[in-house]
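Chain order of the listed sequences is A and B.
To convert, note that position 306 of the first sequence is 306 in the working numbering; the numbers rise steadily by one, no gaps.
To convert, note that position 140 of the second sequence is 878 in the working numbering; the numbers rise steadily by one, no gaps.
Some hints here could point you the wrong way.
Counterexamples of contact, computed for chain A against chain B with all Cβ distances above 12 Å [what the hints assert, rightly or not]: (1) VAL22; (2) GLY120; (3) GLU218; (4) GLN351; (5) LEU353; (6) GLY389; (7) LYS420; (8) ASP436; (9) GLY465; (10) LEU503.
Think about it this way: if two alpha-carbon atoms lie no more than 30 Å apart in a straight line, the pair counts; the simulated DSBU-like pairs of lysine-lysine are [said to hold, decoys possible]: (11) B:LYS814 / A:LYS656; (12) A:LYS335 / B:LYS820; (13) A:LYS656 / B:LYS902; (14) B:LYS816 / B:LYS857; (15) B:LYS977 / A:LYS650; (16) B:LYS878 / A:LYS262; (17) B:LYS744 / B:LYS878; (18) B:LYS878 / A:LYS650; (19) A:LYS335 / B:LYS857; (20) B:LYS857 / A:LYS333.
Pairwise CB distance ranges, derived in the manner of DEER restraints [what the hints assert, rightly or not]: (21) B:ALA923 / A:VAL274: 48 to 56 Å; (22) B:MET931 / A:VAL94: 39 to 47 Å; (23) B:ASP764 / A:LEU717: 55 to 63 Å; (24) B:LYS744 / A:HIS339: 38 to 46 Å; (25) B:LYS744 / A:ARG79: 27 to 35 Å; (26) B:GLY772 / A:ARG200: 50 to 58 Å; (27) A:LEU252 / B:GLU882: 35 to 43 Å; (28) B:MET931 / A:SER172: 53 to 61 Å; (29) A:ILE715 / B:GLU882: 55 to 63 Å; (30) A:ALA328 / B:THR873: 49 to 57 Å; (31) A:LEU5 / B:MET931: 29 to 37 Å; (32) A:THR660 / B:SER799: 30 to 38 Å.
Because the hints were derived from the structure by calculation, they are not lab data.
None of these values were measured; they are calculated from a predicted model.
In this text, a Cβ means the ideal position worked out from N, Cα and C, and glycines have one as well.
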Amino acid sequence: MYTRLVWNNIRRAARDYVVYVVTLTVCVMLFYAFLSISSNWYHPDLGMEYDFTLLSDGMKLAIGVVSLLLLFLICHVNRYMLRARQRDFAVLAVMGMEQRVIAWLFFAETFFVGMIAVAGGILGGAVVSQFITAMLMRIYERAYQFQWMLFPDTVGWTFLFFGVCFLVVGLSDVRTIRRTAIIEMLTANRRNEPELKKSRWMPAVTACYLLLTVWMLETGIQKIYFYYDPRFPLPMRLMFGMNLLFPAVTLLWATFCAVSKKRRNIFALLWGLVPCALCNTLGAASVALVQKEFYLSLGAELLNQYLMFLVADVQFLICAVICLLSRAIGLWKEKVRAHTYSGCNLFFFGQLLSKLATTTKTMSVICMTLVAAVFLFVVAPVLTQWSFGYLDSRSMYDVQISSDYHNVYDERDLRMGDYKEVTEFFREQGIAVEADVTVPLYLPQRERFHDREKLDFPAVAISLGDYNAIREMLGLSPVRLGETEFTTQWHLAAEGEEREEFLRNNKSVSTDAGELTAAATPYYDDAMGENLYNRYTRFIYVFPDAVCEKLLAVNQNRYIMTTEPISYAQAGALAQAFSAEYAEYAEDGMEYSIRLRTLQVNSAKGSGFLMESMMIYGAVVLMVICLMILSLQQLLDLDQHRYRFGVLRKLGADEKTIGTLVFRQLGVWFGLPVVLAILVSAVILAYFLQTVSVEIAAYVGMGAVGAQILKTVGIFLVLFLAYFLSTRMLFRRAVAKR
Amino acid sequence: MKEILKLDHIQKFYGNEGNITQAIKDISFCVQEGEFLGIMGASGSGKTTMLNCISTIDTVSAGHIYLDGTDVTELKEKAIAKFRRENLGFIFQDFNLLDTLTISENIALALTINHVPVKEIEARVEEIAASLNITDILEKYPYEVSGGQKQRCACARAIVNHPKLILADEPTGALDSHSSQMLLATMQGMNDMLGATILMVTHDAFSASYAKRILFLRDGAVFTEIVRGDDSRQAFFEKILNVLTMMGGGVSDVHQTGLE
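So here's chain A without its partners, still in its complex pose (with noise of 0.2 Å):
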């Protein structure tokens, strides 16, 4: 009989299910395509020189915190539903049903459709898998080969963590249902919700952020205290003087609106607080800007606050202006009089006003949600191309060694090291070399060896002799320089501009075995990797071997080619023998380090593997999620509409009219959101790509970051589309007469 029961309810409620159904099945079969490959049957060929079990471990816990996604997802969707059927359950509670069974009859409901969704998940999971292996075989250079991806324990761990989920939900709505009083089940959807002004929600926000203010403002004043110097240039004082005067500002607002009677409401605070939080976002922004343009010593702690504050600033201002726009519907039915009674606008701003309090809060989680989703979509193609493009100029040769002496304080303490651990290892182990070069790095002034500030590190210089010897063996043409003459090598980060700056500027150069002069050729920007240069500096100098005899060698690098690549195992162990001998931060100040292809594409290839998929996997989780959402809120109340949409019929209203009401109803409900995020997400994409845009332009190329949002802006908008046209159908056919 309770079988039936079950049965029954799920057939009836298949319209409030569907969408649920779909966005579930979506979910699992990413959650199962994405697991898949951490699977302990999973085994692709990526060679010897690629260790993969790392990234599967990693994959599993990525794959378990982005997940816990879909419990939010579950928890929502099924208080929706609750409350959808709260009258049902008094019936059956008014019929003489215990509310025990009423519950465990809506829990075996909603976990029944939860697992038919599971179960088509993980079918679904096993041919996108098929993508994910293509992805990944595209990140190790491999070529795709099919492989069946339907692993026991991948289904197993899927059953597992939506089982647990549903378990989890589902307990909490029985207790839910156990504890409501039958009248409150039997009058719930007969209410309208409390008025906006009185939802809690709003001024939990601003509190939260007025608190949120006092640290900002107690960080401003202690920066100043500890950092401020009035010699800074403009920019930098300005960013100063914003973070300490902006959160002033914003308390005195709070202040000023408390003890004021007249405006001591939400949303005069609110109206207030608007140009205050988007001050406060100007300072926050400007903070990474600063500190990048003026290499401005903050630290990375006290940039990651400002982030903090950055984020939360943005939040505050999306929750605060949906809030007002809603107070503005309100207003506008009030005041414009005009058009509220125009046609059938009464009876709209009677629908969006019912659900005011809810939907405000729904927006505004769902507006923040959809804009992290569109920078995480966006952003992860960028990281991952980014770590791939500085991997090719980072790892140009199979092994490379550096010093470093920025610790070293006597000149006495400075060691030449010549490696020679690396060639007996290199024998021992029968690895055959193509090309070896050992090259020290001088100080042009020797004076100069105490210059430890940022701003002001000397550039460093290389003999002629050992520059070609590493062109030659990039298979680069060599470079000739006349007895005094000198030319710079350039970092590929540099920027053009910064470049013929200090050419134009420095013609000649003086070092301690006389002047030298620009030569014809006076730069050139082949990559040639990362150590080559010193700190905080983008370019090295080339000096005739003569005058480098002369000078101060502070750095001693080494460069290896070998005719076949190294394995993993190899590499593992080169690099431990290295360390043992070469401590990373030695006693006397010199720091060195080793650096082998195999291990830094191994590490590279894995993590941006590993970051793309899960920052792609996490974005269209949030994208459908809250897509989703959307689509129920309609869809849940459709008994409520088409009740509402039948006595606005019998008035006279025609289909034509009720089509265009259907029709205005869900886009300001669909639209308020999502053209809030896209207007907040194009701004924080335009700061974000303005932040990074030399390692943008050096590593990958703002054509693949245009394609990128094209293609993000395209799966929105077909995602956009499918839930807001089923939606728009499924409610047009609900409130269609009959």
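Using the hints, position chain B against chain A.
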């Protein structure tokens, strides 16, 4: 007096070829302007079907319905909605008010759908509210007022547009006896003072006694009709009971509430 509604041999069939139910066999009658007509009959006698056909919510299988000279059975789908909002007012058993709007907005909605000029709307709502004694609840939501008040709001909404005909389907069905009496007095007032033409379908003899003329339906056809004339309501109520007794079989389905 002007003839406002005319039903000309209407018939209504439900179902398909193998299983046909004839809800209305053959009904013809006329309603004069300013009349308060009651329709009585047992369950299944065709009252609601007939009302649905008049209100253009349902269509007839045969025959014609003329409202102020317009044949509503010939109206195209598009014109029906316009016709309904311009000519008809409705009072339903379950009120059909929108919980998303206040009482005043519920009344105003009927005007805005009819594109009444904005500046007239508030005045007309207040005027009708005053005449139906619901001014003090205008800013409340339907779920905040009693059933009787809700139904008076529905009356206000039905009449605010000055429709040619008000159709009331069991208006007292969901009300207690006191609220019913108040509502019926209101409807009588609408008929006497405002000149509204009302067609009320009811089970209840007491409610029917407020009408000026009553048609009795049985098995999808008009069984008989009685006119109140100069009779008192008490006398008319007894006449109604006599007819119901005469109708026999159907009488057990008809409420016989005594006059209080």
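Verification of the supplied hints:
| no. | hint | verdict |
| --- | --- | --- |
| 1 | VAL22 | 29 Å, holds |
| 2 | GLY120 | 37 Å, holds |
| 3 | GLU218 | 46 Å, holds |
| 4 | GLN351 | 6 Å, violated |
| 5 | LEU353 | 7 Å, violated |
| 6 | GLY389 | 56 Å, holds |
| 7 | LYS420 | 85 Å, holds |
| 8 | ASP436 | 81 Å, holds |
| 9 | GLY465 | 85 Å, holds |
| 10 | LEU503 | 72 Å, holds |
| 11 | B:LYS814 / A:LYS656 | 14 Å, holds |
| 12 | A:LYS335 / B:LYS820 | 29 Å, holds |
| 13 | A:LYS656 / B:LYS902 | 25 Å, holds |
| 14 | B:LYS816 / B:LYS857 | 28 Å, holds |
| 15 | B:LYS977 / A:LYS650 | 35 Å, violated |
| 16 | B:LYS878 / A:LYS262 | 26 Å, holds |
| 17 | B:LYS744 / B:LYS878 | 39 Å, violated |
| 18 | B:LYS878 / A:LYS650 | 23 Å, holds |
| 19 | A:LYS335 / B:LYS857 | 13 Å, holds |
| 20 | B:LYS857 / A:LYS333 | 15 Å, holds |
| 21 | B:ALA923 / A:VAL274: 48 to 56 Å | 55 Å, holds |
| 22 | B:MET931 / A:VAL94: 39 to 47 Å | 43 Å, holds |
| 23 | B:ASP764 / A:LEU717: 55 to 63 Å | 60 Å, holds |
| 24 | B:LYS744 / A:HIS339: 38 to 46 Å | 41 Å, holds |
| 25 | B:LYS744 / A:ARG79: 27 to 35 Å | 55 Å, violated |
| 26 | B:GLY772 / A:ARG200: 50 to 58 Å | 55 Å, holds |
| 27 | A:LEU252 / B:GLU882: 35 to 43 Å | 41 Å, holds |
| 28 | B:MET931 / A:SER172: 53 to 61 Å | 59 Å, holds |
| 29 | A:ILE715 / B:GLU882: 55 to 63 Å | 47 Å, violated |
| 30 | A:ALA328 / B:THR873: 49 to 57 Å | 30 Å, violated |
| 31 | A:LEU5 / B:MET931: 29 to 37 Å | 54 Å, violated |
| 32 | A:THR660 / B:SER799: 30 to 38 Å | 33 Å, holds |
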